[in-house]
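Peer 1: Quick mapping for you: the protein sequence lines, in order, are chains D and P.
Going by numbering that gives the first Met the number 0, the first residue of the first sequence is number 0, and it counts up by one from there.
Going by numbering that gives the first Met the number 0, the first residue of the second sequence is number 0, and it counts up by one from there.
Check the hints yourself; a few may be wrong.
Footprint (simulated), chain P over chain D, 3 or more residues, beta carbon under 8 Å [stated by the list, open to error]: (1) 44-56; (2) 71-85.
Pulled a few chain D residues facing chain P out of the computed Cβ check, cut under 10 Å [unchecked claim]: (3) G28; (4) Y29; (5) G30; (6) H33; (7) W67; (8) S108; (9) T109.
Hints listed in this document are in silico derivations from the structure and should not be mistaken for laboratory results.
The beta carbon of each residue, even a glycine, is placed where N, CA and C say it ideally should be.
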Amino acid sequence: MTNRPQADVLRGSLDLLVLKTLSLVPMHGYGISHRIQQMSKGILEVNQGSLYPALQRLEKDGLIDSDWEMTENNRRARYYRLTAKGRRALGTELESWKRFATGLDAVLSTT
Amino acid sequence: MSWFSGARTRLQLLFGRRAAESRIDEEVRFHLEMETNRLLREEHLSLDEAQRRARATFGGVQQHRETLRDGRGTAWFNGMSLDLKLGFRMLSKYPGLTVVGGLAMALGIWFGAVIFQMYGILSSTKLPLPEGDRIAKVMYYDMKLQSEEHRLLYDYQQYRGLRSIVDLGAYRDASVNIVGADGNAQPAVAAEITSAAFRIAPARPLHGRAFVAADERPGAAPVVVLGYELWRERFAGDPLVVGRSIRVGAGFATVVGVMPEGYAFPMAHEAWLPLRTDVPGVQPRGGFPITVFGRLAPEATFESAQAEVRSVVRRIGIEHPETHAQLQAYVAPYTQMSANPSSGMAMAVLTWIFCAALVAVVCGTVALLLFARAASRETEIIVRSALGASRGRIVGQLFAEALVLAGVSAVVGLATAQLALSRLGKPYLEMNYGRLPFWYDFDLSPVTIVSALMLAVFGAVIAGVLPARKITRGLGTRLRAASAGGGSVSFGGVWTGVIVMQIALTVAFPAVVMLVRSEIKRYEAYDYGFRAQDYLGVTVAIDGPPQETTDSTMKAAQLARYSSSIEALRRRLEGEPEIAGATIVDRLPRDYHISRQVQLVSVPNASWTRVSTASIHPSYFDVLDAPVRSGRAFNSSDAASGARVVIVDQGFVDLVMGGRNPVGHRVRISATSQVDSNPSDLPWHEIVGVVKELGIASYQRRTRAAGLYFPLVPGSRDDLSLMVRGRIDPLNVVPRIRELATAVDPSLRIEQMTRLDRVVDDKLWFYGLWLRVTMSLTGVALLLSLSGIYSVLSYTVARRTREIGVRVALGASARLVITSIFRRPLTQVVLGVIGGSMLIALGALALQRTTEFSSLGRSGLTLSEIAGLIAYAILMVGVCMLACVVPTMRALRVQPTEALRAE
Numbered sequence: 000m001t002n003r004p005q006a007d008v009l010r011g012s013l014d015l016l017v018l019k020t021l022s023l024v025p026m027h028g029y030g031i032s033h034r035i036q037q038m039s040k041g042i043l044e045v046n047q048g049s050l051y052p053a054l055q056r057l058e059k060d061g062l063i064d065s066d067w068e069m070t071e072n073n074r075r076a077r078y079y080r081l082t083a084k085g086r087r088a089l090g091t092e093l094e095s096w097k098r099f100a101t102g103l104d105a106v107l108s109t110t
Numbered sequence: 000m001s002w003f004s005g006a007r008t009r010l011q012l013l014f015g016r017r018a019a020e021s022r023i024d025e026e027v028r029f030h031l032e033m034e035t036n037r038l039l040r041e042e043h044l045s046l047d048e049a050q051r052r053a054r055a056t057f058g059g060v061q062q063h064r065e066t067l068r069d070g071r072g073t074a075w076f077n078g079m080s081l082d083l084k085l086g087f088r089m090l091s092k093y094p095g096l097t098v099v100g101g102l103a104m105a106l107g108i109w110f111g112a113v114i115f116q117m118y119g120i121l122s123s124t125k126l127p128l129p130e131g132d133r134i135a136k137v138m139y140y141d142m143k144l145q146s147e148e149h150r151l152l153y154d155y156q157q158y159r160g161l162r163s164i165v166d167l168g169a170y171r172d173a174s175v176n177i178v179g180a181d182g183n184a185q186p187a188v189a190a191e192i193t194s195a196a197f198r199i200a201p202a203r204p205l206h207g208r209a210f211v212a213a214d215e216r217p218g219a220a221p222v223v224v225l226g227y228e229l230w231r232e233r234f235a236g237d238p239l240v241v242g243r244s245i246r247v248g249a250g251f252a253t254v255v256g257v258m259p260e261g262y263a264f265p266m267a268h269e270a271w272l273p274l275r276t277d278v279p280g281v282q283p284r285g286g287f288p289i290t291v292f293g294r295l296a297p298e299a300t301f302e303s304a305q306a307e308v309r310s311v312v313r314r315i316g317i318e319h320p321e322t323h324a325q326l327q328a329y330v331a332p333y334t335q336m337s338a339n340p341s342s343g344m345a346m347a348v349l350t351w352i353f354c355a356a357l358v359a360v361v362c363g364t365v366a367l368l369l370f371a372r373a374a375s376r377e378t379e380i381i382v383r384s385a386l387g388a389s390r391g392r393i394v395g396q397l398f399a400e401a402l403v404l405a406g407v408s409a410v411v412g413l414a415t416a417q418l419a420l421s422r423l424g425k426p427y428l429e430m431n432y433g434r435l436p437f438w439y440d441f442d443l444s445p446v447t448i449v450s451a452l453m454l455a456v457f458g459a460v461i462a463g464v465l466p467a468r469k470i471t472r473g474l475g476t477r478l479r480a481a482s483a484g485g486g487s488v489s490f491g492g493v494w495t496g497v498i499v500m501q502i503a504l505t506v507a508f509p510a511v512v513m514l515v516r517s518e519i520k521r522y523e524a525y526d527y528g529f530r531a532q533d534y535l536g537v538t539v540a541i542d543g544p545p546q547e548t549t550d551s552t553m554k555a556a557q558l559a560r561y562s563s564s565i566e567a568l569r570r571r572l573e574g575e576p577e578i579a580g581a582t583i584v585d586r587l588p589r590d591y592h593i594s595r596q597v598q599l600v601s602v603p604n605a606s607w608t609r610v611s612t613a614s615i616h617p618s619y620f621d622v623l624d625a626p627v628r629s630g631r632a633f634n635s636s637d638a639a640s641g642a643r644v645v646i647v648d649q650g651f652v653d654l655v656m657g658g659r660n661p662v663g664h665r666v667r668i669s670a671t672s673q674v675d676s677n678p679s680d681l682p683w684h685e686i687v688g689v690v691k692e693l694g695i696a697s698y699q700r701r702t703r704a705a706g707l708y709f710p711l712v713p714g715s716r717d718d719l720s721l722m723v724r725g726r727i728d729p730l731n732v733v734p735r736i737r738e739l740a741t742a743v744d745p746s747l748r749i750e751q752m753t754r755l756d757r758v759v760d761d762k763l764w765f766y767g768l769w770l771r772v773t774m775s776l777t778g779v780a781l782l783l784s785l786s787g788i789y790s791v792l793s794y795t796v797a798r799r800t801r802e803i804g805v806r807v808a809l810g811a812s813a814r815l816v817i818t819s820i821f822r823r824p825l826t827q828v829v830l831g832v833i834g835g836s837m838l839i840a841l842g843a844l845a846l847q848r849t850t851e852f853s854s855l856g857r858s859g860l861t862l863s864e865i866a867g868l869i870a871y872a873i874l875m876v877g878v879c880m881l882a883c884v885v886p887t888m889r890a891l892r893v894q895p896t897e898a899l900r901a902e
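Let's have the full structure, built from the sequences with the hints guiding it.
Peer 2: Written out as structure tokens, the structure is:
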């Protein structure tokens with residue numbers, strides 16, 4: 000059970016992962032899912048069916064912005080980037096996630 | 000700017016439907032291609048396998064699309080937009096219904112918009128001035144007498160220490176003659192006002208200055224500030240007029256400033272004179288009437304200001320209970336016209352209820368038409384239901400169709416309302432009330448537009464949802480029993496009631512039209528007894544001493560001056576080559592005359608008869624070219640007060656004297672239109688002459704009047720008119736009359752000059768307007784009734800196709816079939832006609848009770864008019880039956896085989 004990829008990223012954590020990924024470099028949807036998988040060393044696998052609605056939601060909320068750009072292979076793709084509001088939201092989300100993880104860890108490590 | 004890009008994305012997602020769809024497609028395609036390439040590259044799969052795996056990992060593409068669409072929040076929007084599109088298609092598919100239903104709804108919305116706008120204008124608390132909503136007016140109301148009290152001068156003098164109102168000021172209307180650059184005196188709408196006005200309504204004067212406090216002090220040099228329009232028209236826009244002394248009313252004043260264009264504070268004024276409020280010796284509820292205004296101090300509210308003013312009034316009331324005990328003070332927004340303490344909110348609610356009720360009645364009929372249409376689409380509705388559409392979805396669709404119709408009607412209604420307000424409403428108010436307050440705005444306000452749109456939605460709910468709910472009731476049962484071509488929906492009693500009511504109104508409305516029309520015709524055919532178009536009626540007033548004067552000798556002196564000036568003007572006019580004659584009268588022919596009761600003294604126990612009276616100058620009959628038929632005319636000695644002689648007209652001879660010669664007879668004349676309590680105390684007058692009838696009956700009178708003329712006693716009245724007979728079109732002598740009036744006495748104020756044949760044109764305009772409105776209403780009611788009958792019959796025939804076919808197959812005669820079809824509409828028409836006739840009868844009875852028609856002693860309609868109405872009712876039955884022709888012909892053409900095959 001431990002090594003199986005986490006196919007369904009925990010609900011609520013996907014937005015955080017997307018924001019974090021985009022804080023490094025602007026990226027297209029496929030790139031984002033690939034990068035999350037890479038960074039989590041294959042532990043987290045983003046469900047494609049959730050990724051695009053999440054991107055749409057974040058864009059509607061003004062946390063990310065998007066535009067058509069050309070890829071290295073000269074292919075047109077929709078690139079997403081973090082907005083200033085998104086950057087602020089990422090900070091807040093990270094803080095609250097860390098608190099949550101610490102709390103969770105404290106509960107689980109209690110013997 | 001992230002909020003901006005977020006908002007932009009939302010809008011793009013919501014409205015850029017095509018762009019959003021193609022974006023989803025392209026992103027999905029790109030994703031699948033990238034994954035396929037990775038699989039080809041890293042796992043060395045065949046292209047087909049790589050594509051299959053990529054798609055499988057991605058999941059259902061269509062499902063993702065739907066999720067994204069839902070994320071756009073447009074799912075409902077797509078459904079609604081489809082319904083609306085269908086609604087527009089329905090407009091062109093059923094043009095008859097579109098025109099009739101749309102017209103009816105537009106009329107309802109038009110009416111609502113006009114009422115809302117007028118209500119908004121009259122109840123608006125917004126002034127187009129800085130802090131306009133904090134400008135207040137102090138008003139007093141006498142709770143015992145139930146009337147407003149404007150004599151506030153004493154109280155105003157006690158307001159000095161008020162803390163919740165600043166820039167306290169006062170004004171009063173003072174219409175005066177101003178002599179312009181051309182030397183002619185013309186009346187101006189002026190206000191005597193304190194200098195605070197120019198702080199409340201600040202504006203940089205175009206030239207010179209506004210008032211300062213020093214202008215109001217006793218002994219200050221008289222000054223005047225001119226309005227822009229008056230300055231342009233009367234002083235040719237000459238900036239050098241500032242500093243010049245001009246004639247204003249009975250005196251002179253120096254022009255100190257000219258206000259910019261559009262400046263009309265306090266109401267609709269065009270000239271300003273200083274108002275002196277520190278008049279010594281003013282008694283409580285004494286002095287001249289004023290209007291008090293001011294601005295709420297910062298932190299103060301209308302309530303706190305009112306409480307403070309009331310405390311002042313209470314304080315005065317302790318010292319002067321006889322005048323102030325029953326006075327209640329109000330501090331209200333400046334635009335509030337009345338101190339009458341009625342609730343504005345209640346009025347607004349009532350206005351809304353009235354408009355909504357009107358729209359409900361109109362849309363009830365449109366609902367009938369839409370019901371008939373929906374019923375004819377019953378099969379379609381059942382099929383949709385069978386395919387899974389919920390009842391709510393179907394009701395939503397029919398509502399959307401009605402909403403489209405209501406939307407189009409709202410646009411038409413609002414556009415015509417704007418037109419009516421600017422073309423008719425404004426002239427009507429100006430005609431009745433003169434210049435209008437500067438804050439009246441006849442352009443439809445956002446509140447009116449929103450209210451009208453809400454009415455449209457309300458109308459759509461009635462016209463769309465009600466029939467939809469009825470048609471979709473028991474859909475499941477009908478679905479099981481459904482059979483092509485036959486429906487099971489039937490018109491209920493409510494619809495029948497609606498049709499009957501409409502026919503009744505259609506029958507009754509023309510009676511009103513006829514009444515108004517016959518009145519207008521009568522007014523137009525008025526017989527003056529002389530060539531009215533050769534005469535000009537000139538109403539003359541005079542500027543007098545300040546209104547605070549209570550000195551009776553000064554007032555008498557003013558009357559004497561008026562009398563001598565108007566006589567001097569008359570003489571000067573008679574000397575003009577273009578003028579054939581000029582005379583003086585208290586009431587112009589065709590206008591209202593004073594009514595009195597007369598009794599013949601020489602005939603024992605003679606009854607009292609109402610007569611119309613006029614006071615005339617001895618030259619009157621000469622100028623009117625109406626020689627005395629018997630007896631003599633007035634001479635100058637008759638005008639001496641105390642001479643008790645009168646002249647009567649032919650109407651008097653016929654109606655009072657029974658055709659006998661009245662000369663030498665004596666009459667008692669009541670002081671008012673009622674018989675005095677002690678008639679024997681009344682002095683008698685001797686009839687000295689008889690003339691023909693010369694327009695002494697009011698233009699509204701339906702029967703002949705008995706006329707009686709008094710000699711005009713000089714110095715007895717200050718409300719006279721000159722009648723000037725021109726040798727040319729009298730309108731061409733208007734400028735000369737003004738010149739002469741100014742030359743004779745610059746304080747003579749020429750208030751109105753009208754050619755005599757147009758004396759009541761303004762009233763005729765109003766009747767004409769009523770006629771047009773009533774005719775349009777009748778037209779719409781007629782159209783609606785006919786459409787209602789037509790649609791109900793069409794539907795009935797369509798529904799009974801099979802039955803008719805079978806009857807014809809079994810040998811039923813055409814007459815029998817027609818009778819069975821006609822029975823119901825015929826009953827409706829007959830009931831409607833009876834209802835309409837009853838409405839007419841009730842109206843006629845009500846008319847009989849009004850003063851105007853009471854003298855007739857019978858119904859308000861003549862016999863020929865009643866005959867006309869009966870003919871119209873018969874015509875109505877005929878026309879309604881005509882509406883049945885097409886469906887009936889259709890029914891008779893039904894072949895038995897077709898009817899059965901339809902099953």
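Peer 1: With reference to the structure, classify each hint as holding or not holding.
Peer 2: Hints, one by one, checked against the model:
1. 44-56: This one holds; 7 residues, not fewer than the three required, reach chain P with a Cβ under 8 Å.
2. 71-85: Contact hint for the stretch 71-85 of chain D vs chain P: holds, 8 residues under 8 Å.
3. G28: Given a least distance of 6 Å, the restraint on G28(D) holds.
4. Y29: 4 Å, holds
5. G30: 8 Å, holds
6. H33: Because about 8 Å separates H33(D) from the closest Cβ in chain P, which is inside the 10 Å limit, the hint holds.
7. W67: Hint holds; W67(D) Cβ to chain P Cβ min 9 Å, cut 10 Å.
8. S108: This hint is violated: S108(D) lies away from chain P, its Cβ roughly 36 Å from the closest one there, beyond 10 Å.
9. T109: Violated, because the Cβ-Cβ distance from T109(D) to chain P comes to roughly 39 Å (cut-off 10 Å).
In terms of the numbered hints stated before, the structure departs from hints 8, 9, listed from lowest to highest.
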